[in-house]
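Colleague: Chain order of the listed sequences is A and B.
Taking this note's numbering as reference, the numbering of the first sequence is continuous, increasing by one, and the terminal residue is 162.
Taking this note's numbering as reference, the numbering of the second sequence is continuous, increasing by one, and the terminal residue is 260.
Any given hint could be a false lead.
As the list claims (entries may be wrong) - Sample of chain B residues at the chain A side, in silico, Cβ under 8 Å: (1) SER118; (2) VAL151; (3) ASN155; (4) GLY188; (5) SER250.
Claimed, not checked - Here are some, though not all, of the chain B residues that point toward chain A, as calculated from beta-carbon distances under 7 Å: (6) PHE115; (7) LEU187; (8) GLY189.
What the hints assert, rightly or not - Here chain A is said to cover these stretches of chain B; the calculated rule only asks that three of the stretch's residues, wherever they fall, bring their Cβ under 8 Å from a Cβ of chain A: (9) 121-134; (10) 157-170.
To be clear, the hints were calculated from the coordinates, so they are not data collected in a lab.
C-beta atoms are modelled at their ideal positions from N, C-alpha and C, and glycine is treated no differently.
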Amino acid sequence: MMWFYIFALIFIFLETAFFNHFAIFSIRPNLILFLVTFFSFYFNFDIIKVLLFCLFCGFLKDIFSVGPLGTQMLVFICLGIVLSYVSRKFLRYNWIFIIPLYIFATIGQGVIYVLIQNIFFERSLSLLYMFWRVLIWEMAYSLIIFFIFFRPIKKCAIDKLT
Amino acid sequence: MEKKKKTILLCFILLIGASLLIKSVLVSNISKNITLGLSKLPLKLVGLSFLPAESLVSCNRSLREVSVLKKENQQLKINLMQLEEAERENKRLKELLSFKDSSNFNIVAARVISFDSSNFRKSVIIDKGKKHGIKMGNSVITQDGVVGMVVRLDNSTSQIILVSDLEFSMGAKIKRSNAIGVLSGSLGGGCRLRYLDLDEDVQIGDEVVSLGQNSRFPPGIAVGIVTEVSKEQSGLTLFAIVRPKVRLSSLQEVLVVTNY
Chain A
1 MMWFYIFALI
11 FIFLETAFFN
21 HFAIFSIRPN
31 LILFLVTFFS
41 FYFNFDIIKV
51 LLFCLFCGFL
61 KDIFSVGPLG
71 TQMLVFICLG
81 IVLSYVSRKF
91 LRYNWIFIIP
101 LYIFATIGQG
111 VIYVLIQNIF
121 FERSLSLLYM
131 FWRVLIWEMA
141 YSLIIFFIFF
151 RPIKKCAIDK
161 LT
Chain B
1 MEKKKKTILL
11 CFILLIGASL
21 LIKSVLVSNI
31 SKNITLGLSK
41 LPLKLVGLSF
51 LPAESLVSCN
61 RSLREVSVLK
71 KENQQLKINL
81 MQLEEAEREN
91 KRLKELLSFK
101 DSSNFNIVAA
111 RVISFDSSNF
121 RKSVIIDKGK
131 KHGIKMGNSV
141 ITQDGVVGMV
151 VRLDNSTSQI
161 ILVSDLEFSM
171 GAKIKRSNAI
181 GVLSGSLGGG
191 CRLRYLDLDE
201 DVQIGDEVVS
211 LGQNSRFPPG
221 IAVGIVTEVS
231 KEQSGLTLFA
241 IVRPKVRLSS
251 LQEVLVVTNY
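The shape of chain A in the complex, shown without the other chains (with noise of 0.2 Å):
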């Protein structure tokens, strides 16, 4: 469980740091909507255990972005509740599933957002301009990255399960 709270801080790190180097499109990975997405998905977690994890990850996404503090928070317990929902009906513990699921994710936490931007803050964000400008990129660049980082975290996560 440890595990997951050190990954976000080191996925933080990497996404505010390091990947601006190698952004595609001035777009980077969304490591952390993976890990929530993961977390929620592929352990069964109680629900409790999951919106902690959403709320901390929610938390490290508000304090380095410069948005109001909380809407990254809100979009990820929205996340995390449905995550946890669809998991609990259809949990397979099998990585192919994890693709389609984030791919979900990621359009959820766009709509997710433009929604909050739209109702709390009275602007006018297109959830289409978003999807092209960022959400396409940032789905189809974390999904490399996912083939990287997700044997480590399986196996720590795994190790320190079981």
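Let chain A serve as the given structure and place chain B on it in line with the hints.
Modeller: Same frame as chain A, now just chain B:
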């Protein structure tokens, strides 16, 4: 009979003596070689037994030397990289300093310490804040051009939205034709210069500079280059896609204009 026997024995002895004499004269070199060779054989055998041991010792010594040299080489490579980085930094800082000296603005130099964690926003955090004289809304530039604007302040850090952020906007004009528009971010690393009149002369490759009239940005600071010109959906105005002059993804040092 007895005398004959004695004569034969004497002849035999003489013959042996003569043959020994001849042998010692003619075959001395060969015999010497043989005797010497035979005498050296045990020594050589002992020497051969020492040879592998000696080569093993020298091989081990060479391996140690190689590993020491490899380490030294690695250290030297690291030192060289550090020197090259220091040289690059020195060059950048010299350029910043010369810009700072040549401009008439009050400027605070700062280092970028973090980038935004979200792909929906484009911002950086710098290592200077309130106590260094920075105020909300101060413009941030480098010697290459406009970087962004201060939007959040702390005692020792500040958060800056970059020109490519969706919430960023500033007055800008085309340097060649003085066509005025509003520059805003477009997330993909570029910007849009909007609300240009339809009859304005805007071409690809034109330089965009800050407007400066009652703006937070000093006038005439380079912003970027026009890469595309199109009509807005409404058909009433033009917009231009502008590529920022500053490489926003690899920002390291910036200048905060506190007064101009």
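Colleague: If a hint holds in the structure, say so; if it doesn't, say that too.
Modeller: Quick rundown of the hints versus the structure:
Against a cut-off of 8 Å between C-beta atoms, the interface hint on SER118 of chain B holds, since the closest Cβ of chain A lies about 5 Å away. The criterion of a C-beta within 8 Å of any C-beta in chain A is met by VAL151 of chain B, whose closest approach is roughly 6 Å, and the hint holds. Taken as an interface hint, ASN155 of chain B does not check out: its beta carbon lies about 16 Å from the nearest beta carbon of chain A, beyond 8 Å. Against a cut-off of 8 Å between C-beta atoms, the interface hint on GLY188 of chain B holds, since the closest Cβ of chain A lies about 5 Å away.
Because the beta carbon of SER250 of chain B sits about 6 Å from the nearest beta carbon in chain A, less than 8 Å, this interface hint is met. Using the Cβ-Cβ criterion of 7 Å, the hint placing PHE115 of chain B at the interface with chain A is satisfied: the shortest such distance is roughly 4 Å. Annotation: LEU187 of chain B was flagged as interfacial toward chain A, and the flag holds, the nearest CB pair being 5 Å apart, inside 7 Å. With a cut of 7 Å, the hint placing GLY189 of chain B at the interface with chain A holds, because the nearest CB-to-CB distance is about 3 Å.
Three residues within the 8 Å Cβ limit are the bar, and the region 121-134 of chain B against chain A gives 4, so the coverage statement holds. For the region 157-170 of chain B, the stated coverage by chain A is satisfied: 5 residues place a CB nearer than 8 Å to a CB of that chain, which reaches the threshold of 3.
In summary, the structure is inconsistent with hint 3 from the numbered list given earlier, while agreeing with all the others.
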